[in-house]
Amino acid sequence: MSYQWNWGVFLTPAAAGDGSTYLGWMLSGLQVTVALSLSAWVMALALGSLIGVLRTVPNRWLSAIAAGYVELFRNIPLLVQLFIWYFVLPELLPVKLGTWFKQDLDPVTQQFLSAMVCLGFFTSARVCEQVRSGINALPQGQKNAGLALGFTLPQTYRHVLLPMAFRLVVPPLTSEFLNIFKNSAVCSTIGLLELAAQGRQLVDYTAQPYESFIAVTVFYLLINVVVMSLMRVVENRTRVPGYLGGK
Amino acid sequence: MYEFDWSSIPGALPFLWEGMKVSLEITLTAVIFGIAWGTALAMMRLSPLKPLSWFAAGYVNLFRAIPLVMVLLWFFLIVPQLLRSVFALDPNTDVRLTSAMIGFALFESAYYSEIIRAGIQSVPAGQVAAASALGMTYAQSMRLVVLPQAFRNMVPLLLTQAIVLFQDTSLVYVSALADFFGTAYKVGDRDGRLVELLLFAGAVYFVLCLAASQLVRRYQKKLNAHVAH
Chain R
1 MSYQWNWGVF LTPAAAGDGS TYLGWMLSGL QVTVALSLSA WVMALALGSL IGVLRTVPNR
61 WLSAIAAGYV ELFRNIPLLV QLFIWYFVLP ELLPVKLGTW FKQDLDPVTQ QFLSAMVCLG
121 FFTSARVCEQ VRSGINALPQ GQKNAGLALG FTLPQTYRHV LLPMAFRLVV PPLTSEFLNI
181 FKNSAVCSTI GLLELAAQGR QLVDYTAQPY ESFIAVTVFY LLINVVVMSL MRVVENRTRV
241 PGYLGGK
Chain X
1 MYEFDWSSIP GALPFLWEGM KVSLEITLTA VIFGIAWGTA LAMMRLSPLK PLSWFAAGYV
61 NLFRAIPLVM VLLWFFLIVP QLLRSVFALD PNTDVRLTSA MIGFALFESA YYSEIIRAGI
121 QSVPAGQVAA ASALGMTYAQ SMRLVVLPQA FRNMVPLLLT QAIVLFQDTS LVYVSALADF
181 FGTAYKVGDR DGRLVELLLF AGAVYFVLCL AASQLVRRYQ KKLNAHVAH
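In the order they appear, the protein sequences are chains R and X.
Those letters in the first sequence? Residues 1 to 247, per our numbering, in order.
Those letters in the second sequence? Residues 1 to 229, per our numbering, in order.
For reference, chain R alone in the conformation it holds in the complex (with noise of 0.2 angstroms):
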């Protein structure tokens, strides 16, 4: 096999002609990818805490409700979960929210909506199952302690069981973090130009597959180098003194 190496071709001015080298792609790409996973995530840490305490709580249609949601999400690929919010429900929305979301919004606009929303319900499933195990952890005294103090239900759940619960989750929801950065490269799929997308376009223009793969792989151990460092803080910070893995 004889293979032309070409590291230079990153430098290059791309061949588009919108003045941008090969590498402003790559990191064009990186942006959208953080951008899309960052707003993704802060939608399921939301959507998975107020589904996670429903889980919980002693209302059976409720917390049936919440069980429900969750094997919607967990049992549907993320692929076919992307393509109904891309390609099925704009065609559901009532006809003139859906003919605005279609014709008034630019295209780079709708696939990032979409590739949002969806990453973001995934991952709230995934997020609720960890906060309904943490407030399972929780030894049962606490919540009779506050319910006896005088506390209402939700008062207990706001000052008594969430504070700690979110603490002992610190360590999985990390991982979920990480599979948030990693999950976004599905969205490729649907012509959002995010990193891994950015390194497919790079191989149709440049030829060169193998500089630019091996680029797109560095940039996402990057990423998964830093998220993991500005976690291993704030699991630091927010350690329980007592449990195990605690001060």
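Do not rely on the hints blindly, as some may be mistaken.
Stated by the list, open to error - In silico DSSO-like cross-links for lysine-lysine, where the CA-CA straight-line distance does not exceed 30 angstroms: (1) R:K143 <-> X:K21; (2) X:K186 <-> R:K96; (3) X:K21 <-> X:K186; (4) X:K186 <-> R:K102.
Claimed, not checked - Chain R stretches covered by chain X per the calculated footprint, using a threshold of three residues with CB under 8 angstroms from any CB of chain X: (5) 190–202; (6) 209–222.
Rather than coming from a laboratory, the hints here were simulated on the basis of the structure.
Every value quoted in this text rests on a predicted model; they were computed, and no experiment measured them.
All C-beta atoms in this analysis are idealised placements derived from N, C-alpha and C, irrespective of residue type, glycine included.
Model the placement of chain X on the given structure of chain R, informed by the hints.
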């Protein structure tokens, strides 16, 4: 309001079934090779030989840090070239299915190895000590004492991972390989009925995976009850 028209699905069922067979084939190969190679990796990781344990740790961490889509793209790039240069294949042979199987197997083995490592470590150290006191070698104590106990506890986790893997096989879409999802998409695109076909595909995955995960859960309960007695 959107008017549903499901009429293109009945005629497409034979194609969809062919696609489902491809999905199941990839899942099955990846589960079998993933568990085999994953066990080897886990034992290397726990081995006292430093280079082996470093290799396994590097392998597992590398694969777990990269998105599956990226891994698949790599394998669709490299495997065909490798196979062609080694076996002198006709350049027109379709090796996408083989590439997908190899890619999934090597990728999933990293995840399986972490499950298996945790399983091995959950076996009390006294068991290994007892085995060596009986005169067993390291390999014998692993094979006859540790692994059988570890695997029994791990079965539910390994099966859950298989369900995740089955869902992930839909990502072979990036190589336009006709698995279940790819076929559904193509039929929907052809007939202008993408909405119905995508919803149908989602429903099929949902029913299959929910049923499978309920079975795993029931098995887990049985196992727990058995251990408790």
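Structure-based check of each hint:
Under the criterion of a C-alpha separation no larger than 30 angstroms, the hint pairing R:K143 with X:K21 is inconsistent with the structure, at around 50 angstroms. This hinted pair checks out: X:K186 and R:K96 have alpha carbons roughly 28 angstroms apart, not beyond 30 angstroms. Using a Cα cut-off of 30 angstroms, the hinted pair X:K21 and X:K186 holds, with the two alpha carbons roughly 16 angstroms apart. With a C-alpha separation of about 22 angstroms, the suggested pairing of X:K186 with R:K102 holds against the 30 angstroms cut-off.
Residues of the stretch 190–202 of chain R lying with their CB closer than 8 angstroms to a CB of chain X number 3, which satisfies the three-residue condition for coverage. Counting residues of the stretch 209–222 of chain R whose C-beta sits closer than 8 angstroms to any C-beta of chain X gives 7, which meets the bar of three, so the coverage hint holds.
This entry does not satisfy hint 1, going by the numbered hints stated previously; all others are met.
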